[in-house]
Each structure stands twice: as structure tokens, then as C-alpha cells.
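Same order as they appear, the protein sequences are chains A, B, C and D. Sequential numbering of the first sequence, starting at 1, is according to full-length UniProt numbering. Sequential numbering of the second sequence, starting at 1, is according to full-length UniProt numbering. Sequential numbering of the third sequence, starting at 1, is according to full-length UniProt numbering. Sequential numbering of the fourth sequence, starting at 1, is according to full-length UniProt numbering.
The hints are simulated quantities; they were obtained by calculation from the structure and are not laboratory data. On a predicted model such as this, the values are computed, not experimentally measured, just so you know. Built from N, CA and C at the ideal position, the CB exists for glycine as well. A couple of the hints might just be wrong.
Computed list of lysine-lysine pairs in DSSO-like fashion (alpha-carbon distance at most 27 Å, straight line) [as the list claims (entries may be wrong)]: (1) B/K276 - A/K122; (2) A/K276 - A/K128; (3) D/K97 - D/K52; (4) A/K190 - A/K249; (5) B/K44 - B/K75; (6) D/K44 - D/K28; (7) C/K128 - C/K190; (8) C/K97 - B/K123; (9) C/K122 - D/K276; (10) A/K122 - A/K249; (11) A/K123 - B/K276; (12) B/K122 - C/K276; (13) C/K52 - C/K28; (14) B/K256 - B/K44; (15) A/K176 - A/K123; (16) A/K28 - A/K52; (17) D/K256 - C/K123; (18) B/K329 - B/K256; (19) C/K176 - C/K276; (20) A/K276 - D/K123; (21) C/K44 - C/K256; (22) B/K248 - B/K329; (23) A/K276 - D/K122; (24) C/K122 - C/K97.
Chain D residues, not near chain C, derived (Cβ > 12 Å throughout) [as the list claims (entries may be wrong)]: (25) E81; (26) A205; (27) N373; (28) P386.
Which chain C residues stay away from chain D? Per the calculated CB distances, all over 10 Å, these [what the hints assert, rightly or not]: (29) P8; (30) Y49; (31) A93; (32) V153; (33) F155; (34) K206; (35) E445.
Protein chains: 4
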Amino acid sequence: MGAASLVPRQVVAQHANRESCWIIVHNKVYDITDFLDEHPGGSKIILRYAGKDATAAYEPIHPPDMISSNLSPEKHLGIVEPSEDFEDVVKTAEDRKRQLLLDSRPPLDEILNLHDFEAVAKKVLPDKAWAYYSSASDDEIAIRENRAAYQRVWFMPRILRNVTSVDWSTTILGHKSSLPVYISATALGKLGHPDGELNLTRAAAKHGIIQMIPTLASCSFDEILDAATPGQPLFLQLYVNRDREVTKKYVQHAEKRGVSGLFITVDAPQLGRREKDMRMKFVEDDGCAKVQDGQDDIKKDQGIARAISSFIDPSLAWDDIPWFRSITKMPIILKGVASPQDALLAYDAGVQGIVLSNHGGRQLDSARSGLENLVGIVAALKTRGPWPNPRFSVFIDGGVRRASDVLKALALGASAVGIGRGFLYAFSSYGQPGVERAIEILRDEFEMNMRLLGARTLSDLGPEMVDASALHTHAGLAPRDNLYEATYEPLRLARFNESKL
Amino acid sequence: MGAASLVPRQVVAQHANRESCWIIVHNKVYDITDFLDEHPGGSKIILRYAGKDATAAYEPIHPPDMISSNLSPEKHLGIVEPSEDFEDVVKTAEDRKRQLLLDSRPPLDEILNLHDFEAVAKKVLPDKAWAYYSSASDDEIAIRENRAAYQRVWFMPRILRNVTSVDWSTTILGHKSSLPVYISATALGKLGHPDGELNLTRAAAKHGIIQMIPTLASCSFDEILDAATPGQPLFLQLYVNRDREVTKKYVQHAEKRGVSGLFITVDAPQLGRREKDMRMKFVEDDGCAKVQDGQDDIKKDQGIARAISSFIDPSLAWDDIPWFRSITKMPIILKGVASPQDALLAYDAGVQGIVLSNHGGRQLDSARSGLENLVGIVAALKTRGPWPNPRFSVFIDGGVRRASDVLKALALGASAVGIGRGFLYAFSSYGQPGVERAIEILRDEFEMNMRLLGARTLSDLGPEMVDASALHTHAGLAPRDNLYEATYEPLRLARFNESKL
Amino acid sequence: MGAASLVPRQVVAQHANRESCWIIVHNKVYDITDFLDEHPGGSKIILRYAGKDATAAYEPIHPPDMISSNLSPEKHLGIVEPSEDFEDVVKTAEDRKRQLLLDSRPPLDEILNLHDFEAVAKKVLPDKAWAYYSSASDDEIAIRENRAAYQRVWFMPRILRNVTSVDWSTTILGHKSSLPVYISATALGKLGHPDGELNLTRAAAKHGIIQMIPTLASCSFDEILDAATPGQPLFLQLYVNRDREVTKKYVQHAEKRGVSGLFITVDAPQLGRREKDMRMKFVEDDGCAKVQDGQDDIKKDQGIARAISSFIDPSLAWDDIPWFRSITKMPIILKGVASPQDALLAYDAGVQGIVLSNHGGRQLDSARSGLENLVGIVAALKTRGPWPNPRFSVFIDGGVRRASDVLKALALGASAVGIGRGFLYAFSSYGQPGVERAIEILRDEFEMNMRLLGARTLSDLGPEMVDASALHTHAGLAPRDNLYEATYEPLRLARFNESKL
Amino acid sequence: MGAASLVPRQVVAQHANRESCWIIVHNKVYDITDFLDEHPGGSKIILRYAGKDATAAYEPIHPPDMISSNLSPEKHLGIVEPSEDFEDVVKTAEDRKRQLLLDSRPPLDEILNLHDFEAVAKKVLPDKAWAYYSSASDDEIAIRENRAAYQRVWFMPRILRNVTSVDWSTTILGHKSSLPVYISATALGKLGHPDGELNLTRAAAKHGIIQMIPTLASCSFDEILDAATPGQPLFLQLYVNRDREVTKKYVQHAEKRGVSGLFITVDAPQLGRREKDMRMKFVEDDGCAKVQDGQDDIKKDQGIARAISSFIDPSLAWDDIPWFRSITKMPIILKGVASPQDALLAYDAGVQGIVLSNHGGRQLDSARSGLENLVGIVAALKTRGPWPNPRFSVFIDGGVRRASDVLKALALGASAVGIGRGFLYAFSSYGQPGVERAIEILRDEFEMNMRLLGARTLSDLGPEMVDASALHTHAGLAPRDNLYEATYEPLRLARFNESKL
């Protein structure tokens, strides 16, 4: 068949097995029989859509042109015959329930803090999206710690400084930012909202903050750049590809389109096990798998995170830095530094900065929070010169929900702070207006907190305003150990003879 | 119309919109159409009462003469025609429910501690009043910490001292006090009880303790002074006005009427975000606001706290101190000091004392408790001379519920301790007898605790009687992080196939 | 009427008010009209029994001969006429329920640890008795801490020592004890069991441990001594009377009857406020008291603890020690020491020992646990000579539930450990066999724990076997702050419009 | 009767009391009347099976040949007559329920971590087996601490090391192991699965890890060895018998059959009180025991643990080590060391290693975790030479659920880590495939965690990768004190008169 042929839906439906597997994506019909075993996410997940329209499942987790550019032309079978009842098919019971929840969201002006977005997102997101966004690795200790660490740092505010006007704007890698906050990269934005990452791009432009574009965006890189305003500063988060030519092309294209900073992820030679995400797969499955079955397929069936990340190069090492330096003039920042030793190696390697991060708790579980690492890393960097150091930035992300969290990090020496999930949940709940509301909330919080701290500008912040002495105790909030508690059988006391009572 | 005209209620009812807005307050009719957009609390809240009697809503949060003195005479339209069924209108279902709760309060002699008042107030207060009184800023970490900090200080009592008679009286800024406790300023007393702050004035007179009058009292300053007995010592809490002449007039009037101490609030250049209070507004609203609506109005609609505080001057600074010194001879105390640096600045600026306070957790969230700051601040002040120092007092407030809390603070060097909410809840629950019972409870607790500590007078208290070594660990009580827990999705374990069971 | 007259019950019933108040106790009729206002527990509680039989209420909280010896002979009105249905009257619904619970108690061999007794006692004790026994002062922080402190000390056991036979016997003040444990004094044993303290005396005799007789026993001192076996060592706990002659007579009588040690309570110049006990009173009252009523009576109506303790002398001081030395040759031990300073004063005053105790959490709340004080006090006493010191014993009590608790205290330097509530709950649940079972459980636990620790005798115990480094952190177990949590209103998140869902 | 006689079931049934007690085990009939009082587990438990088939109860807790080799030949009465309905008898309601649970287990590929096995085992195991496996001693503080300790150690991962291939294999006592983990000994495997310990032997062979064979295995030693593959390395855990000849024979037989290491348990001169296990007995009993009854029998009726352990020699001591050295050439490892002093004694005694262990929390309660002891013990051993030291291994077990736990221990200096319950629950839930899945999960976790830590081989691990500074605080997770909470009566606040509401 030629590329322009019209394929009846019944014909597609006849190719619904491992021997002959056709699928529809964006109204085009593809024969993916030979590709089945090469699919990074495993064949099982595709076979669920054999002979059917896979667009809804395909779209949020693949760039729009992935299938067309990876499949040889003879597998492009044509256009599917239009269907009258297609729309009806899509409106499942779950869709209707979700629509009802969207209709009853709290009005946006009742959203008072970033927690609120999270609570709304938890309700309105499809289960699979919530699992992917909210999950973290293993026992989810690191994600919990990210938030808890901020609650172990306390303020000692200063008084009687004229705080009529306070200014919390800053520059990040030389670019003006209306907040000391940037939008950190999070993957697969269309799982949460049809416009995906574009919600962030547009809101960032409007409010003068900087977005870091994720490698694993649902929107293509160019879609995002096309949505940006002229001169809008944007950063790029980079997962380095096993094929360095792909990476080189990607980086140089980004630089050409005006991206202002390259954040190379260094804490993800392999994506973490996010069991909440992995279990979601089982919920969707029919649950009839036999106990002994499926051993071979396990590795390919480990939730969204594993499915989309097989290209990441685990061989990335310090001696790759010069090569990056050779292919781009963008400032290079290493994202995911966790030790004073590596902070000094980064400084000495000549990069422009580091992000202290445990990847939102999604990679190595039990990794200390960025905030806890900040203290020792700033101390180490002071051995290289006065701090702050104009040639080296230290960013931090993870667990930030309040401007006060940001101010604690800045007081301890951070240059600026990344917020990922906060903005992600904002657009998942309310689209672009949600992101704008989130920025507005942060702005209000910065104004209030700066005044109450007695800081007129960010340079007034300093270590004497915070008490971090309890930071390393890991005491304070009392987390629950759900897995332990779920299996631990509490001790009982002696029992009465209830039959007598 | 002349000021003495009689206006029929039906006529008032016709002016019930933004174009023409009349309201009734204390049986007088006002045309506030032009004032709508200037209302610090926003126009929306007034419009709810357009064409109606607004007295109940107006009274607790405005001084009695505010409307008459701020509105030009031609807007004073006259007296409203008396109505027979007015009383019935006021008795809403909520009023009746509240009355029933008041009728079933525990007898006053079953109130055993200050927690009890809080529990009663929580039930009998109107929701809006409870929200305003009990709320604190942001994540309400600081308010929780205020109480928790006391539980991290432990007693090491002394024995075999003749404690037949123990004496816990003291002098505060030169005035006798039957307890080492003063009544700290809390705003808007009429939200809790029709007599508002007068409950405190009268009980203080009767039992020989000192009340600090709040700038934002529901009763006018003069009403309170008129209720005082001759020579009754009173302090004044001061929010400094943007218009310093207003402040000067207010302070000099207070001094003239015999006020004995000026407590200038220095931790509130802007009032904190008290989200519990802010959400209360939404509960009252019809909830039909569209998601995108109302963005512009948000700032003016942020609960009671913001509505009443717009006059506060954020430019207040150290160099204003000499001016205050020039306008009054009252001792000046800075309320809201949180760092050793500022304590020394205050000492060197020649003021008579400071209050270590995080404003009941209502301003900068995550600010350390006064108790925790006390240790370092007393240490710093000892560098200026022996402690206690007759020319400089260090007060403390926040989280105090027991005489034992007070004794811990005194043992660590405080001069006296302020209790705000404790007394507020006492009169909200039981009026003046409630405040008297609260004082009586404290008196009993002081007697018992002094004896058990082996302290015959307050000067027997000293640091060797307390173990504060765990104060800075922030461990001990295990607070719940409600916001986090409400959105965090606990990890699950593998699931059984329940359809088979 | 003569002392031998027979008084009809109807006649007694006619004297049922403040003007003429007769009561029956142990079948004798007394006119207590004039005594009403002198009753240490207040008149109100007696008036409840005016004209009725008060034996059940009288017995557990007064020595048997108190009424007969304090009331002048002419008020002894005679013997009450026997009543057939008297027994029936006593069998209230509560009695029947209690009997049912007693019948369904777990068999004694299913009681595995001292917690079990507490759980059984909680169910089978009358509410008033449970409230009196289990209550502690104020916020009940100290009682909680007593138990928690033991859980912050950890073992580092030794291995490969021949532990075929282990010996946990010791001598206490020169008397053999089969356990390094004595029965600490607790008051009012008949609230829990008709035989009261005799349960302890008999079990102690049988198993070779030492009982400390409480001043406030339900059984009279002589009853207890009469129940003892010849030569059975007994200690005496002493509340010093305001009338020193009473005390002298009491102490010398005790010495004469063979008591071997005098434990003078020094942490109770006044008994603590035990609010749980106090609230019990209100439960019994009709609850109809008016809000303003009863202010005057409050002081006399503060639960059992206050009612029975008015004789205690708050003037007791260090300079009384020589007088005690002059009236008795028994070793003198000060019970309730809490600071290194006082431990040294006691040593230098020549007494034979001290008990580190916060009185089971029933006196000064927030007082550190005996265990926490032990570390510093032993360190202080080592400045007076090598430790253990044959002329000075350091005992400890509070929160002990396991032999392992005892071993921790001994390893840190204690001479022996007192257990109060543990044995009290044992006989409240099962009488004397309960106490014997408790001793047996401890014996088994000592055997096991000594072997597992690698200690063949108690002298093998030493500080290197325990890690007490976390003792002062007060972290570890996470207590709930019930009072705070009961009134704290948790933060909410933004709400959905539920009417749409 | 001769050994080959056929005995009718009705005849057996007639010998069902203390005077004449026959039982059937594995189809053979035995007269155990005279043995009743010698049964280490007490006579009561046997009498339950008098005249019946006791195989199901006998099998998991006795070696197969114990009865035949301990009972004199004339008590072997013959073979029981086959019964048609025997199978039906065994299928009790509980069996059927258990089968249903087994049928609905999660498919094995949905088991994502070792917690999952525990959750499944908790449901599918018979109550008695779950109680025996999951119980720990006394208040179960030590078992809780084992898990919690790992959560107080945090990672500081290294970045930008080429981690394309990572290798987590090691050698343990000179034998290759595919994981730095061995299967630690746990007793009575047949309680969980009919193949008992053989599940472990076979899975270990297949995946190249080492099993430690327990003295108290349900399978006989030779059965296990027969199941092993040629050359498969196996260790032996040894409880030393009071009769050293028995031990000598056992050890030498093991060496002859090729066992590669002798792990002598030194922390169990007596088995701990595991009250959960002990209470299980009561659940099975009829509950009709009288309160005073059964005192004498208590000691023999203390759950499975006590029943099977009476042979263990409490006299084992350091001077026995040369004797062990004389009877075997296997490396000797002391299992259960807990102090630096004993670690040095072991080193100096010439053994080849130690296991830091508190016996899974089953022996001395409150004993510190192996992980906490590791830090001080490695520090002590460094005084004997550089660490790691080729002639001395330090193993650790207790609370390990994740590869990340293992890596923390290795980074702090451990040689390898034992996992007991993790594998036990794996085969209790799924048999051998469960154990293989557990190994597979650990393998995946090692791969991921090594990469994320930046460790290419285990020798890359070091103390700079972990922050153990909070390990000794015992803060962090907030455990519940179930026994205390079950009996503690929370404070109440003043009560409203509910009859009016």
C-alpha cells in the first residue's frame, strides 16, 4: 500500500497479534510487527493495542515524530478510515469521572499554596499519570527526606530594617529572573495536561522566570521553543545518549535555537526503580498472569520510567566534560551532585555550576537531600575562593513547596532553587493559569517572608538568619514506615475470655 | 437628608449594589458607595451587607468610631427605623446552635488547666472567630514549635528546702504583679465575647496582673482605660502607623491616660499569611466563583488579618527609636526580637527591654520559638553585664499553657512571660470569670511547682534547675505533617487477587 | 445514746444533711456534723453519704481506726441495725460488670510480662481506682518519660562467658533480696483489692524480696506487720507530718516492730495535681453544677490525692535530718532526689542512701526520669570515693516493666530498683498470686537477660554493657501530645465543590 | 508386637492419655508414655495428639529420625493401618482457607521487593508458623531497631564514573558469591513450606550464593547436603550441645561432607522469650485453664522456641575455642558479637571472623543493631592492622531488606551481609521460585544502586559514601510503643454536658 492509502478500521483490527501487529497513531496506520521485540518498553505493552488506536497511550510518552522517523517507510501503511463513533469510544467511564472532577476543582483563587495544587492533581490526574509523577525510588525515603529536611532548618529573623520595598529578583547564569527560582525539568508533561510543557513555557515568559526543558518532554523541543517569546531565556536538561552524535546534534540544535544553559544530568546512569509506577502496570493488567510466568519479560515491563530511558548512557564520566565543552558554548551545569568531593571536581573541571539534587527522590533512595548536602558543599567550595563565587553557581532542588524553603537554601549559600513537581502539579490541575497562580503565590510568599526575615534583597540573606544545627539529626518530623508497619504484627497483651463477656 | 432623619428599612434595602450601597451599623445608616474600593478588606465583603444591617460583622473588627470618623458627614444618612423582628433575624440556626453549646459548657470549676479553655472555645466560638484566633502562618510549624519547645526542657528539682510559703509575685517594668505573667495583646476580642478586651482589664485589676492593650482591640482604647481601676498598670502594644502623626497622637494619649509601658511590635512589617483564616472566607462564599475569576481581588480578600492591618508601616527601622524616645517617657520594649544580634542592638539603642516572640506563630513560619532563642540571647546580654540586668528586661511569649512553662523560661533567664491565647480562650469561653479562673489555675500551679522545684521565690530559680540540652534538637514530640500526609500516597505492597477470595 | 446502742437504718437516714449528718462505717454509726468542715477532702464528698453506709468509700482511703480515734466518743452513736438486703444494695450494676470481668480474666499462666497486669487492671479496676493509680501530674509528661527513658538505653552484651548458672540476688541495705528489686510504696491498696497491701507483704515473704510500706496504706501499719513472717525485712516510706510528734511516734513504732529502713519522701511537700484523678470526681457528680458555682470548694475537691495528703509538712528541710537521726537507728534514705547537688548534700548529711525518682510522674511534671538523673548523680558521687560505695546506696524507681530495665539501671550504677505500679497492678488483677507471678516473671527475665548479657552475677554489670549516649536526646519513641492534638485544628487543603460530585 | 506389625487406628485411639500414650508419626506407631515427662516441649503439647496422627505437628520441628533414634526399639509398635479418609481429616477449614490464599497470591513477577514476600507470607503462613518466624524477644525493640538503623544511614553518592558495567560479586571466606550476601540460618523451614530448607539449597546453587545451614533445620543435615550440587559452598550454623561429643560428631560429619565454614552461635546460651510465639500456644489451647492452674508447667510450655532449644549449652566460653580448633579445619566464625571488646578477643583468639548480630531481635531485647555496632567494631579492629583485613571477616545480619542496606554495611566496613527472614519469607510464600525471585530482585537492586552510588566494584565503596552521623541518635523513624499505648489512658479535656446537646 502507498503512504496515502485509506485503511479500513476492520482491516487494522485483523492484525492484532504477535505475527502481524498493526496500530493506529494520530490516524496513521503502522505495521510494527518487526519492531515489537525492539520496543524499549517491551512488546507486551504494545500488543495491548494491536489492531487498535494507540494514540492516547502513545502521545504523552513519545515525541510526536518518533514512530514516523524510526519506522522504515514501507511500514507506514496509510491513513485510517475516519470513524464516526471514535470520539465515543474514547469517552470511557474513567474519562467521565475525570471530567467531573475537573469541573468541581476548587476555584483558582482558593488555591493558597503549592500543596493545594498537589492535592488537586492527585484527584484529577489519571492514575497512571499520578503514579508516574508522584512516585520515587524504592522505599521513598529520599523523597520524604527532601521535604522533611527543610523543616529542620529554622529562621532567626532580623528586625527593624526598612522593608517597605523588598526585592527578590535575581540573575541566574546571567539571565534576569523575577524569582530566585527556576522551573526544573520533569518528564512527560502531557500525561498531566494536553498542552504539556507548553504551559510552563508560556507562564515562564509572562512572569519572567526560566524554564529548564526536559530531554523527556512530551512536547518536542522545537514545539517548546516555538512557544517561547523572543529572547526568553530557557535552559536544557540533558540525558546523554549512548550515541554521542545524537547528543551532539541535540545540544547544538538547542544552542542554535537560543537555549542559555546546559544542565547535564549526572545522577541517572540508569533510572531508579519506582515501584509505585511499576505496580501501576499490574493494576492495568488483567491480573491473570501465572505465578511462574513472565520471568523473562520483567525487565522490560517496569513502568513508564524504565520504558523511556533505555537510551541513557551509563558510561558518562568526568573525561567526557571536555567533549561537551568542545561542542557548545552554553554554560554547563552538572545536575545531581551530592558530595563535597564531586563539587570540587566539578569546579576544577571548569563547568559553570552544579545542582544539588537527589532527583526528586527518584534515583538513589536514602540519598541525602540537596539541602543537607548544601552545607558541606558550600564549605568545600569556600576553599576555592570567597562565596558567592561569580564563576560558579550552586543550585538545589527537591521538596520545595514554599518561598521560605527557597530562602533557607539561599541563606545557606545556594544561588537559586529549582521547583519541578510544584509547577507540574500546577499545570496538571489548571493548565497555564495554574502555573501563573503558582508563581503569584511564590511572589506573595517571597514578599512576606523577605519582610519578616528583615531582608531587603537576596544579598541580605546569610547563614546567621538560619539555624541548621538540627539538619543532620534527621529528627523532627516523625515519618511512618508504611512497608514495615504493613507487615509488622504488633505485640498483643493477654486476652480476656471473650465468650464470658 | 439630615443626620437625624429616620430611614425606613425598605429604603435601605433598595441600595444594595455596587452603584449604590447603603449599610446599617449600630442603627445608623451610611452610604458607603464611594468607599467600597478603599475598604482595606476589599469591596466584596462589604457588598454582602449592602442594604442590610452590618453591625454584627462590623463590630468585632473595627473600633466603634471608625466608620463615623472616616466617612464624610454627608454620607451619614440618618437613623434606621426601629424594627420589631430585628432580633429574630439575628437568631440564625448557627446562633441557636452556639447558644446550646454555651448552655452546655463544662462548669467553670471543672476547668482544670488552660487547655480546657481552648477546647471549650473551639466548640463555642463562631467558626470565623476560631479561625482568626487559632490560625497561624503558612504550614503552622512555628505555632506547633512554640508548644513543643517547652517539652524539650526538663526540670531537675531541688529538695529539702522549707517551702511552707512560696512567693511567685514579681515586678514587671517596676509594677507589682501577682504572677510572673502578663496578658499579652491579642486582637479583635469581640469576635469571642461581646465585652471583648474589657474581660481582661477587669480580671487583671481584680487579681493584680498587667494587661497589654492591643492596637487592634475591638474595644476602643478609651473604653478599656475607662474600665480600669485607678492606678491599674497597663501596657500598650503598638503597631506603628504609616502616618507617624497618628502614632504620635496615639502614644501620647496613652501615656497621658497612664499607660506604663510601650511594646512596639517589630516582627510585623506585614501581617503573615494565615491560611486557615483565609480559607474561612471561602467557606462563607457561595463557592460558585469561576476558576479563572477573581484574580484581581485576591489580595484584598485574604481573611481578617490582612483586612485590618494595611496601615502598618513596613519602613519601621532602628533609626526610628530616637523619635519614639522623643515622644514618650514610657519605657519602650521591642516586641518580636529573635536573634542575639538584635537583642544587643536593642540594648545598645537604650530601650528598656525586648519580647522574644514569633508572634504566636502568626508571622514568619519556621521562626524558632522564643524559648529556644532565649538561651542564646541571655548569653549574649551577659556580655553587657551581670544577669538579671536591672535596666533591661527580657520577656517571652508563645505556647505557654502551664506555670511550669513559665518557670522554665524564668529559670533560663526571662524576666516575665506573656500569655495571649490562653486568656483569650478563657474569656471567649466564659467571659471575665473565665479569665479569673485562668489566673487562679496559674496561681495554683505556681504554688505547687515552686514547692516541687524547691524554689521559695522566683530568685531561687536558676539554670541548674533545668536541662535544656535537648532544646535545639527539635526531637521529642513527633508532629504530624498534615499537608504532606494528605497528599503523599503511601507505598503499597503486592496485592492478592481478591476476586478469588 | 451509748456506744452499744442499736440504731435503726431509718433513723440514720433522717440525718442526711449539713445540719445533721450521720454516717455508717463498718456497721457503726457516727455523727460527723461538726467534722464536716474539717474533713481534708472537703465536706461535699462526705455529704454524698449523709444518712447512708459509707464503708465502701471510706475503707480504701482511711486507716481502719481513723474515724474512731479522731471523733470524740459522744459522736459514736452505736451499732447500726443489721439489714437483710444490705448486700443486695451493694451489688450495683457496676459491681456485677466488674465481677464478670474478673471471671473472664486471662488465666494467670497467660500473663507473660508486667504490661499484661496493667492491661488486666485497667479493665477490672473500678474507674475511680484506675484513675487514682494510673494518673500522673499535669500533662503526664514525666510518667511517659519514665518509660521512654529506658528505651533510649541500649545493650552491648558480652559473649562466651560460662553462664550456666547466673545469680541475680543481692543485698539491699544489708538485707538479702532474691531480686535486685524492691516493692516501692504505693498508696491506698484496697482500692484495688480487699486485702490491699497484705498481698504484697505475703508474696514478698514467700519470694524473699523486700516491701516498702507506704504511709498512706489502706491497711494499717500493724496489720501489715502482723501479716509479715518473723524476720521478714520491711522498709517504711514516710510522709513527714506537720506534727513532728506524730512522725516520731510513727517512726519509733516502726523501728520497734522491726522495720529495717526509713525512706523519707522529699519530693512531695505538696501532692501533685493529678488531673485524671480530679476529673473522676466530676464524672461521679451529677454534672448540674452551675458555671459560676463552687469556686470556694475547688481547693478541697481535687481528687483522692489531695484529700488524703493535707497533713504533709512542706517545711521539711535539710536541717531536719539530724532530728531524724536522733529518733531512729534505722538507715535513712531520701526518696525523690533529682540533682547531683542534692545527691552530694545527702551524702554529706550522712544518710545511707537516696532514691532517684520523680514519684512515678505524680509530682513535678517535666521532671527528668530517675534513669536520666542516674548518670550525672553517679558521676557526682564518684567524686566522694570509688563506686559502688558501701556506705551509700542509690536506688531508682519509675517506669520499670522488665528485668532488662533493672539491668540497665544497675549497669549505670544503681544499687537496686523499686517497682511500684507493676506490683500494684498485679495484686489489683489477681491478688497475692498475681504478685507472685510478677516476681516469677521478673526472675525468668533476670535469668535470661543475665545470660544474654554475659553477666554471671550483678557485679559483672558495668557501663561498657550499655550505650546511654542517646539518653539525653529525648528522641526515639514518639509520644503523642493528646491535649495539643485534641484542640489543634489541622490545616486543610483547598476543597472541591462536593455538590457537583 | 514386632516392628512390622500393622496396628489398627482404633487401637491407637484407645491409648490417648497420660497412662498410655501412643502416637502416629510418618505412619509408624510409637508408645511414648514414658517419654512424656522428658519431652523438652512439655507433656501437654504431646498429649494433644495422644491416640492420633501427630505427623503434621511433629515434622516441621523435629529432624526426621529423632523419634526413631531416641525411643527404645520396644516402643516402636509397628505400622499404622492405612486409612482411606486420612487425607480428608487433614483438610481442615484452616487448610482450605490457606489453600485459597495460596491460590490468590500475587503473581511472582508482581513481587517487587523483599517486603512483598513478607506481606504474602504473613497471609499464607499458618498462624503458628508466622508467630514463630516473625516473633522477637520481649518488647520487640531490637527487631524494630534492626530495620530502623539502616534508615539512619544516608548515602552521599559519587558521580561521573563510567558505570556501564558494575560488578557486585565477591568472595566470602574464600568462596565466590554472586552477591555480597549469604543466606543466614533460620530454624524450622518446614513450618513455612513442605520442602523446608531445600528451597534455599537449590536456589543458592542455581544463583551462586552461599547458604548457612541451621542446626535447627526441619530437614536433616544430610537431606540438605544431598540436595546440594557438587562443590556448592555451604556454611554450618552451630548451636553447641551440652554433650560435646554430639557436637564433635556433628561438626566433623559436616566437614567431611564438604561444609566450608563453621558459624558458632555465641549469643544464645538460652533462647529468648518470644512472647508472640508464646501467646500462640494459648490461642490453641482451649482457654479453660483456671487462673491458679498450670504454674508448674509454664516453663515447659513457652512456645516453639523454648521447646526445641533445651540442648544448647550455656557454659560455652572463650576457653572452648581451642577445642573447636582441634576438631575441625573449617574456618570458625563467631555469630552474635556485639562489642568492640569481644571483637578483639575473637581476633586474638585466632578465629576467622565474626557476625555482628542481635539474632534478628530474638535474643537480648534492646541490644543494639549489628549496623550500629559495626562502626565501633571496625574502628577497634583497625587497631590490629589495615582494614579490610584478609585474615578476619566481619559479617552482619538483621533487618536487611534492600541491596541499599547491604551497601551501607559494606561501605562502613562489613565483609558481607546475611539475610535470614527475607529468604525464609520468600520460600514460605512461593517455594524455590520465591527464593530465586528474591535473589533476582537483589541483583537488580545491586546493579542499580552500585551505578547510582558511582561504585563499579565493591572495593569502590567507602565510608565517604555514607553519612552515619545520625546512627547513634536513635531518632528518625518514630516507632509506636504498642504495649504502652494499649494501657496508657490518654488525658481528657473538660467535658460538655452532652445531655443538653
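We went through each hint and held it up to the structure:
no., hint, result
1, B/K276 - A/K122, "holds, 21 Å"
2, A/K276 - A/K128, "holds, 10 Å"
3, D/K97 - D/K52, "holds, 23 Å"
4, A/K190 - A/K249, "holds, 25 Å"
5, B/K44 - B/K75, "holds, 20 Å"
6, D/K44 - D/K28, "holds, 21 Å"
7, C/K128 - C/K190, "holds, 12 Å"
8, C/K97 - B/K123, "violated, 34 Å"
9, C/K122 - D/K276, "holds, 21 Å"
10, A/K122 - A/K249, "violated, 37 Å"
11, A/K123 - B/K276, "holds, 22 Å"
12, B/K122 - C/K276, "holds, 21 Å"
13, C/K52 - C/K28, "holds, 11 Å"
14, B/K256 - B/K44, "violated, 39 Å"
15, A/K176 - A/K123, "violated, 36 Å"
16, A/K28 - A/K52, "holds, 11 Å"
17, D/K256 - C/K123, "violated, 60 Å"
18, B/K329 - B/K256, "holds, 10 Å"
19, C/K176 - C/K276, "violated, 38 Å"
20, A/K276 - D/K123, "holds, 22 Å"
21, C/K44 - C/K256, "violated, 39 Å"
22, B/K248 - B/K329, "holds, 12 Å"
23, A/K276 - D/K122, "holds, 21 Å"
24, C/K122 - C/K97, "holds, 14 Å"
25, E81, "holds, 38 Å"
26, A205, "holds, 32 Å"
27, N373, "violated, 7 Å"
28, P386, "holds, 25 Å"
29, P8, "holds, 37 Å"
30, Y49, "holds, 25 Å"
31, A93, "holds, 19 Å"
32, V153, "violated, 7 Å"
33, F155, "violated, 5 Å"
34, K206, "holds, 13 Å"
35, E445, "violated, 7 Å"
Of the numbered hints given earlier, the model fails hints 8, 10, 14, 15, 17, 19, 21, 27, 32, 33, 35; all others are met.
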